[in-house]
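Chemist: Each chain, letter by letter, is given below.
There are 2 protein chains.
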Amino acid sequence: MKKELLKTTFCALALACSSNGLWAQNDIKEDFQPSTLNQPGQEYPMVNSQGYARFRVLIPDAQSVTVSLGLGGRGGTKLVKGTDGAWTGTTEGPMDEGFHYYHLTVDGGVLNDPGTLNFYGSCRWESGIEIPAHDRDFYALKKVPHGHVQQILFHSPSTSTERRAFVYTPPCYDKDSQTRYPVLYLQHGWGEDETAWSNQGHANLIMDNLIADGKIKPFIIVMTYGMTNDVKFGHIYEFTAKEFEAVLVDELVPYVDKHFRTLADRDHRAMAGLSMGGFETRLITLRRGEAFGYYGLLSGGLYMPDDFKEGPQPKGIFISCGSKENPDKVKEAGEALKAAGYKATWYVSEGTAHEFLTWRRSLYQMAPLLFK
Amino acid sequence: MKKELLKTTFCALALACSSNGLWAQNDIKEDFQPSTLNQPGQEYPMVNSQGYARFRVLIPDAQSVTVSLGLGGRGGTKLVKGTDGAWTGTTEGPMDEGFHYYHLTVDGGVLNDPGTLNFYGSCRWESGIEIPAHDRDFYALKKVPHGHVQQILFHSPSTSTERRAFVYTPPCYDKDSQTRYPVLYLQHGWGEDETAWSNQGHANLIMDNLIADGKIKPFIIVMTYGMTNDVKFGHIYEFTAKEFEAVLVDELVPYVDKHFRTLADRDHRAMAGLSMGGFETRLITLRRGEAFGYYGLLSGGLYMPDDFKEGPQPKGIFISCGSKENPDKVKEAGEALKAAGYKATWYVSEGTAHEFLTWRRSLYQMAPLLFK
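Those protein sequence lines, which keep their order, are chains F and B. Read in this note's numbering, the first sequence has 43 at position 43, and its numbers run on one by one without any break. Read in this note's numbering, the second sequence has 261 at position 261, and its numbers run on one by one without any break.
With the rest of the complex left out, here is chain F:
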């Protein structure tokens, strides 16, 4: 059953940008604004208050331009050429709230929209667009004290490389030189990298706001690259995450504990991940339970009570997904864990699929539960 669930979860990735085709184009409100992820000064792509996305790219001599966003597997949004040489078009229906990856297909070639910023997903830097969510306030950039996001480079003997991670330190971290903090190791999904949780996920802003609102005690977040042994899409079950385990637990954790003021024990160390990062979290926490006390799977598989028959017991478990994924199985597993006496929490993000708004909300829900 668990295997089946994971398959569903990972397949959902490819369908994640589907829109609701039931809306007729003449219902579209003409209140389009530039997407918040546009390059400086760029007007397009735009989004309206209903969640429609509108595109405009100037490629005067192209034969065809299609946007991969919208209409799910049915070919995306075809743009139409105007007399000014610009190709324009609007999604057939409103998109789900939150962040979406996309790209252009120009005359049969895969290229990015020059109007918007790029985000690493699908093993390439893709275009990104943001459909304003009704609850976007929790990840907004506000006038509150801000933590720092540090790029660190650490030596990895097991892979003979200098590797990169990003470390979020809370706003209070520089205030005194004595206080030590718990650490959450937070993993991205398949085809993404260590930039995803900051760029697409706004993990730092979510933390800044939670801390400013007094909803959590501050902790550190560490985000690194999890595709160490290059798992291929569709071959997730062959993935042992053994190579990544060595990098994460035996190399990165000691580096972080040496260079940051951490509380360096299992009770103050959590691991969580989205999608493939959840898969990794499950594999690594079940093998290396001595290193992590709190576990989070965000659209990335489930724990069952049987998982903990041997080895150290989890201090806390969080599992989540979007309501358009597999909410029943997440709820079932969460309730089973609770019934078995585990401190477990399940959460379903309303109206979202296998995408970043699910995971932003999941982090927001999970953070207050950690290290308690």
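Everything labelled a hint here was simulated from the structure, so no lab data went into it. There could be a bad hint or two in this list.
If several chains are the same, the list does not tell them apart, and a pair holds so long as it fits within one copy or across any two.
Result set (DMTMM-like, lysine to aspartate or glutamate): computed pairs, CA atoms no more than 20 Å apart in a straight line [to be verified]:
#1 Lys-175 x Glu-97
#2 Lys-343 x Glu-332
#3 Lys-81 x Asp-328
#4 Lys-143 x Asp-250
#5 Lys-81 x Asp-107
For this one, chain F is given, so just place chain B on it according to the hints.
Modeler: Only chain B this time, still in chain F's reference frame:
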């Protein structure tokens, strides 16, 4: 004279990607390797040991594909379509060593090469390619202790925004909680942003290597966005940098002095910048000499002895450019400053124009001279 020189400097930006057209294509060595700035797993663009660049993009139904790199103002490198639908081509001559921005023109539209990473320049995220320099060792990622690069978000009352900067802290910064460090404020050029000195410039790796080799005493570098009031290209003489001065000197410097262990006085604070960032450095250091003791102009104008008739005297001055820019004027000004008794150093980067290898080398030359 100074005005004329600055004009030359800024115009050079547009010609910066010119290649030497004297080489015949039949001299090309077939030892092409993927550019080090390619996206993960991407073979193209490639570069050979002579500095030729070769491109390949799959856009089967395109009418024309041109790369802006190569042949200077004469239309770049036209790609030719093969039977497999891929467009390929090689620059007519070898490129200058180092980093170059470029883009594709596909059927009249400006798009990025999907093979390579993007870098913010010309007020857009451009494609980037790296021609390996003979002296690239000084900015290579090596197995040495690495400093961190921190993204900070600071509140700016003068612009009513939350603004971003990056802060390089040296490897030893976390070793003890008492040591305080000097700070260099380092500015990007026109159309670039606060990411440029790390992404294109490898400033952090240059510092890591200098420190590992014992060639400098560690210091902090702060890099922020300098186009606060949106100076338009070609209107540089109308640019007062007054708005930016308020953000930098009255808002960012206090933030950094509060959140980092700095030596918070003029004798331990430097300002330097490349191109427009040099222009800003000159304007701001001459108005706010009480804040900065060391000044650096990298392909960004000159100081003359008369500049310091009034106000605080500089503790050290560094001016530089590429040998393909205006080396005689840099040398003249440097010698005039020395003759007038100033602690001034001038430097010319051999074989480079108004591009990042000039500035990487300039930082490498300037860093050991600061805070002495």
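Chemist: Hint by hint, say whether it matches the structure.
Modeler: The hints, checked one at a time:
1. Taking identical chains as interchangeable, the C-alpha atoms of Lys-175 and Glu-97 are never at most 20 Å apart, the minima being 37 Å within one chain and 44 Å between chains.
2. Within a single copy, Lys-343 and Glu-332 get their C-alpha atoms as close as 15 Å, which meets the 20 Å cut-off; across copies the closest is 73 Å, which misses it.
3. When the C-alpha separation of Lys-81 and Asp-328 is checked against a cutoff of 20 Å, the pair qualifies neither within a copy, at 45 Å, nor between copies, at 52 Å.
4. Within a single copy, Lys-143 and Asp-250 get their C-alpha atoms only as close as 38 Å, which misses the 20 Å cut-off; across copies the closest is 18 Å, which meets it.
5. For the identical chains of this complex, Lys-81 and Asp-107 are neighbours both inside a copy (13 Å) and across copies (13 Å), given an alpha-carbon limit of 20 Å.
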